[in-house]
Amino acid sequence: MTAPILEVKDLHVRFPISSGGFLGGGKRYLHAVNGLSFDLARGECLSVVGESGCGKSTTALAVMGLQDPTEGSIRFHGKPMTGPEAPGRMARARAAQMVFQDPYASLNPRQTVWQSLEQPLRLHGVKDKAEIARRISAMLKNVGLTPEQGKRYPHEFSGGQRQRIGIARALILEPEIVVLDEPVSALDVSIRAQIINLLLDLQEKFQLSYVMISHDLSVVEHMSDRVVVMFFGQIVEQGPWQAIFENPQHPYTRRLIAAIPDPDTFLKEDTEALVRELPPAPPGYRHMGDGSVPPNVFETPEVSELIDIGGGHLVRYLRA
Amino acid sequence: MSAPLIEIKDLKVDVPLKSGKGVPILKGVSLQIMPGETFGLVGESGSGKSVTSLAIMGLLKKPLKATGGQILYRGEDLLKASKQTMRNLRGNRIAMIFQEPMTALNPLQTVGRQIAEMFVLHQGKAWGEAEKLAIEALAAVKVPSPERRAGNYPHQMSGGLRQRVMIAMALACNPDLLIADEPTTALDVTVQAEVLKLIRELCAARGTAVLFISHDLGVIASVCQRVGVMYSGVLVEENDTRALFSNPQHTYTKGLLGALPRLGSRTSDSRNRLVDIDSIIADRSVLTQERFIAPRITEGGAAQ
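So the protein sequences, as listed, match chains A and B.
When we follow our numbering, the leftmost residue of the first sequence carries the number 1, and every step to the right adds one.
When we follow our numbering, the leftmost residue of the second sequence carries the number 321, and every step to the right adds one.
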């Protein structure tokens, strides 16, 4: 396998919570992300799944450079993206871009689509007008819009079209990594299918690497190469999509999969089967919770480790 | 088979224009909900599923106007009912829960008092007794330590708990029909699973009929016995849940089911594209001309 383009090692993000103590005496920290490590290969789609508050969005922001990690490192092509040697904002923008859940909130309402796509190109030193026009037209066609539609404002588009614009805006600088933060969860079923298809097409066409943040496991199964399951700031299970969906080991992953309302599962009526029997933890270890009781986010979590159970499938266990 | 609890006959809702004509929102919707039945309405934004539920509740606001048809509740036409009759029905016989409990609950009153109000208003109970009943109602929706929680304000509760409070309030007077409009859309999947289970169990135990509205086909499949698919103000297909999902008849339903990423459907590392409705249906306007309403099958096996 080729070297990963993105390596995240032992990432910690803590937010100070002032508890009103004099001179910061009573300062507590909220552990949003606790020792997260993963890497991303070229052309791969890695999904980070978990429920609200599990730290998946904080992870996305850290990858984008919008949130400084408290500890740990993020490397892009082997070069540090955090700390004193971190590159500037402009270089980061060319490395990674983000597609947001609500495209309307992330587009400037007073700029036409064309202007929204033109600004980043100009900022990054593309001055030639013909070149700019060529790249914008090509990008609009890539996402299934016509260059003429570029003259319109965001409010003139439907939700699905706006998400296409959001994708065009993210791709215009030709980044290698695209962070997708719940890219389809605000869309209707038929539009969602179109955007998923578009994202898959673009990924193959431009060999993009996706980090997808999502809580919708059926979309995750459909799109991902590898999956990271997060629970309160920690990875509880990580592996190729097949391992996670066909052989989930951690109780929380099983809970999450069993909770998806999927028509087929209900029609087969074996929803409980997945939750019932649990494979035994390897000798010397025990499972870390089942996700039904949220841990205290203000405390450092119990010492646990991710153990490789074969084929890059990692599961978190506590020492027995 | 017993008479339907709610029978909607050719309901038309318009947004009237100054020219005298109207923009049709519902173009003649007919459906029946049997006592104790869970009926799902599924469709995309703007298909008219919420408007249908608001019409039943008598909550159509300007510019929406019911221009034709009937909504019969136990034989009485709700579209012609007086404001006072609707007031007595709403919350008492027909209750509703909404997508966002935070906006539906009063932020300035404790949840216990808000539930108690239902008993005072509809059953003429004294406040003291009503507040005891409210605690029982909270216990029934499996809110942990209900005595303490009754004294909480909505902002002190999580989204899942607030939705449980909404359910407690809606079911307080043992209504005949519970309308649930996207009740779990704002919740996390594991919380959603718990809330859906609660609605299923409580309504089955009390014999409450449910009109469940959602855009999520999976949620609908997990809760409902019968499903109606709405598209552009028309009920295009209606069938028993199992039949609808295993053997969809209408082109739109087929497209919708194909557009859904199904858990466990992926078999290889290559990624299949989902069905794009627009690629199989060139002209969406013909969709509303085709309708497929399957008859209900009675227990004896005879179609009704």
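Please note that the accuracy of each hint is not assured.
What the hints assert, rightly or not - Residues from chain B that face chain A, not an exhaustive set, calculated with beta carbons under 8 Å:
hint : residue
1    : 430
2    : 584
3    : 605
4    : 606
To be verified - Using 20 Å as the maximum straight-line C-alpha spacing, the simulated EDC-like pairs for lysine to aspartate or glutamate come out as follows:
hint : chain 1 : residue 1 : chain 2 : residue 2
5    : A       : 141       : B       : 596
6    : B       : 332       : B       : 589
7    : B       : 517       : A       : 188
8    : B       : 574       : A       : 264
9    : B       : 574       : A       : 188
10   : B       : 347       : B       : 364
11   : A       : 205       : B       : 589
Keep in mind that the hints were calculated from the coordinates and are not lab data.
Model, not experiment: these values are computed from the prediction.
Note that CB positions come from ideal geometry on N, CA and C, so glycine has one too.
If any of the earlier hints don't hold here, list their numbers in rising order.
1, 3, 4, 6, 7
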